[in-house]
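J.: Please work from the sequences and hints to get the whole structure.
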Amino acid sequence: MANREPGTGNRKAKPTQRGRVLCGLLVCWFLLPIHGLTAQQDTLNRAMTLERRGDPTSALAIYQAVLDDHPAEINALLGAERCLGVLNRGLEMVPVLQAAIVANPNSTVIDALAIRVWGVAEQADSIRRYAERWAQLTPQDESPYREWGGALQNMRDLVGARQAYLLGRERLNSPDALSPELAQLAIRSNDYPTALQEWLKAIHRLPGYRPSAVRTLSQAPDAVRPGLLRTLDLDQSPAARGLSIDLRARWGDPVGAFHRLQASLPPDSAESGDMLRNFLVTVRGINGADARTAQAMTLEALAERRTGVDRARLHLEAAQVYAEAGDRRAARRMLSSLSQDPDAAALQVGATTTLISLLIADGEVDEAARRLEQIKGSLTVDDYQRTRRDLAQGWIRAGALDKAQGVALADSTVEGMALMGRLRLYRGDVAGARALLKDAGPYAGTRAEATDRSSLLALIQVVKGDSLPALGAALLALDRRDSSAAVKGLERVAEDQPASGAAALRVLAGRVEAARGHGAEAERLFRAARVPDAPASAAEAELELGRLMISLNRLPEATEPLEHLIISYPESALVPEARRLLNVARGLVPRT
Amino acid sequence: MNRRRFLRQSSAVLAATWIPTILRTSWRIDAPWLLVPMDDVQTDHLKAYGVAFRVLQRGGRGEWFLNYRGGSFLLPADQLTARDAALAGVRVEPLDDDRLVRIRAEIQQGNMDAIPLEKPPRVAVYVPPNAPPWDDAVTMVLQYAGIDFQKVWDAEVLRRGGLAQCDWLHLHHEDFTGQYSKFYLTYAGAGWLADMVQRNTGMAKTLGFPSVPAEKRAVAQAIAAFVERGGFLFAMCTATETLDLALASEHVDIAAAFADGTPMDPDASAKMDWSKALAFQNARLELSPTLPSFSDIDGHQVNSPLRQPLGAFKLFNFSAKIDPVATMLVQNHRDVIPDFYGLTTSFTRRTLKPGVTVLADEAGAPWVKYIHGERGQGTWTFYGGHDPEDAQHQIGDPPTDLSLFPHSPGYRLILNNVLFPAAKKKELKT
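Residue numbers (numbering that gives the first Met the number 0), protein chains in the order written: chain P, 0 to 591; chain B, 0 to 429.
It is worth saying that the hints were derived from the structure and are not from the lab. Please note: incorrect hints may appear among the correct ones.
Have a look at the derived ranges for each label pair, beta carbon to beta carbon [claimed, not checked]:
1) 29/B x 457/P: 57 to 65 Å
2) 335/B x 286/P: 32 to 40 Å
3) 225/P x 257/B: 21 to 29 Å
These figures come from a predicted structure and were not determined experimentally. Ideal Cβ positions, reconstructed from N, Cα and C, are used throughout, including at glycine.
T.: And the structure:
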């Protein structure tokens, strides 16, 4: 090999090189189309990116360039259709489409496109021609009729669209074909009874249509709703029952809907469980106490179909939701069943916490305290202290200030400090209360708690005197919801106060009387508080007087105090609210 | 103590108590003028129009500084005006003569103008009796701004000289084709619809017309005659479209059978006489009696399958010195305003008559929002949509509380229309 003649070697190499070249050409010949396809795909991707960036004009130029070489390229056709639509030049698709049809006369995708393009051109005959052509190619397919009807809808030809759908139904020999389309068409024509019938067919065919049916039918005007429910009640099919339940729930009768659901639950536990869970999702999305009650009832019914911890967990959730809905008796019933459930051991903390809130609400504070100590070890410090403060509030309402003070002394949080401040105030120690409430500041606790605390501090800051047991007794009476005693007490204290303190106390007393519906008493107190020597309270009194007059429908009498407030105390923070009430008093805005 | 002495002493006590208070109040102003700025510093743009209007009502005069700080007002600094502004929560800036001279110089040099306001227009709102007071944007904003108006309906409009008592007439969502907004079939059974039908048929009968559509057409013609004689017409929502349809359909039946007993002429579009219409031409009428749409004048077709999404519309800029009317109508502190639906939301460009002035449009869209034109001695302005602050307004929705929208640019356009007839006539060039 080493002694080989150079010429010989060259001669031998020549056919090899030629072969390589030939092989290369052959590979290129095979790969060229692939490369062309890849390049075309890249081009289309670039156009798509331009579309996403909001540049339909540049994207369209690329699609058109692709279509010049490949008139039937589907992606480019669809892209051009999108861009021309955005540019409001939809009619320019007509020649593009005609070239595509010549290049590929048997494509159903192009037929679909043709229907849309002729729809934009408002050529009903052409739409029909391509829909019929497509239907002949795929005789068992609903799509040609769906596109046909859709194009006619876009031309506002609702009658023609309906005829197209019905023709499809007839030719396909299927009485429920195209029922979702016919239902939605009926909705657009505000023909809710027809829409209902069509949705029932659609749901019967495919239960997954139920959410769409509920969503569209729930928009029905009030006047037609009873008729729709009657129709559903006459139809005993599961689809009709399900629709009836969902619509009743959305139309303001979730409890009634639950009872209907309960009556129609099948014996099969799995199926009934599914139905209950679906209903639970529906009522969770609805606001109001009725919806909460229906939610709790559903949870309870679900619990009955479960065993073990699942059952206990559902009972506990039902108890909590019943409590939220204000049905304390039902909540206790749930908790009672939990207490006898051996599987509920892991849920005892949650159950006891719920029970404690019920006991406090019912005035059984000592029992609530005993229960709280039982689960103390299982609660976080924050949760324990929060519940202790709830207990303290319960004791305050019961008049047991010493017990409440025991809670406050053991609570080093800001809320605990505020609680101690209130207790000092109730005992008449105004100076101590001022200091504690001031230290607690305006932010701790919930928004309502912070607002109450700030109002209380504002009141006792203008009251003269460091020790006022009568004021403490009056405010305690207010906290214990003894409004009558509170008002009497506040008025008595006001008599011995200078102008600013007296006015502030009378405004508070007036508010209590207004809330009790004692308009005349409230008016007397507010008018007495309108004194120039107490500008802050006077402005408040004028605002409250205006509000009271509006609530009593004595609108002309509301304007004078409100105008006086705006003109006399222009820097007061109450001026915007006064202007708003003035608008209401003058009838300039609706009373809402 | 005799009576005179008592009164004298009481007066002295009162004066000692109250006069310092009155002098301390912020609404007492020593400068001779009040500028009501209408740019972003204004605290209540809508009520500012009411303050200006009431100055004119009290016999005072003012000026409208077009394009100066959002279209500000110059008012006399009397006690009543200052108090009125304070109560309304309208920001005013005291202005002395020196500063006023500087402002006038600035106005002279820019695309601005000062238009004298001298006489409050007598405002009438076309509204059926017992109509809900909170379902009409114009009524709401007039009430909110505190601008007095009278209500008129068919009997008043058709009475000889019935509209002579007003300078400015507003129409809202009345259907002048007499088809009850084409809700007749879809809301059959609804109490409000039954009431509307009963009231309209009763009125048509009382006035001696064979049907509601015939009576409404006569009302439309009386309104057009009011404009011809020099009246100012402002219409919103479906009143715009149906007024023109009623005017153009003098010799063709465009009402569905439920309204007049005979079906609509299927060839109605071709038979319309658009020369009678104020703003539109060559519209195609909607033939379906169940579809709450009248024609393709409306670009958005809110209640049809062709419903278009809402965008935003832009106010045009006009030359204040050459085109004061158009400039007055577009005074605002915002140029671009979010769109809002109505039974008629917008007006397709294709259907506008050539002489119509477009005041606002949506860029790139085939429709416009706000248009203006003349007829005889008077002018008309059409503004698409129902409620500028309730973009998706539906039947039964709660009313809009305008105190929550005191800076509403959409509502400002309505108030521009109310005030522009107060401008001194010789200044009106378009």
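J.: All hints, please: hold or fail.
T.: Structure-based check of all given hints:
Roughly 36 Å separates the CB atoms of residue 29/B and residue 457/P, a value that falls outside the hinted 57 to 65 Å. The hint said 32 to 40 Å for the Cβ distance between residue 335/B and residue 286/P, and at roughly 35 Å that hint holds. A beta carbon spacing of about 22 Å between residue 225/P and residue 257/B agrees with the range 21 to 29 Å that was offered as a hint.
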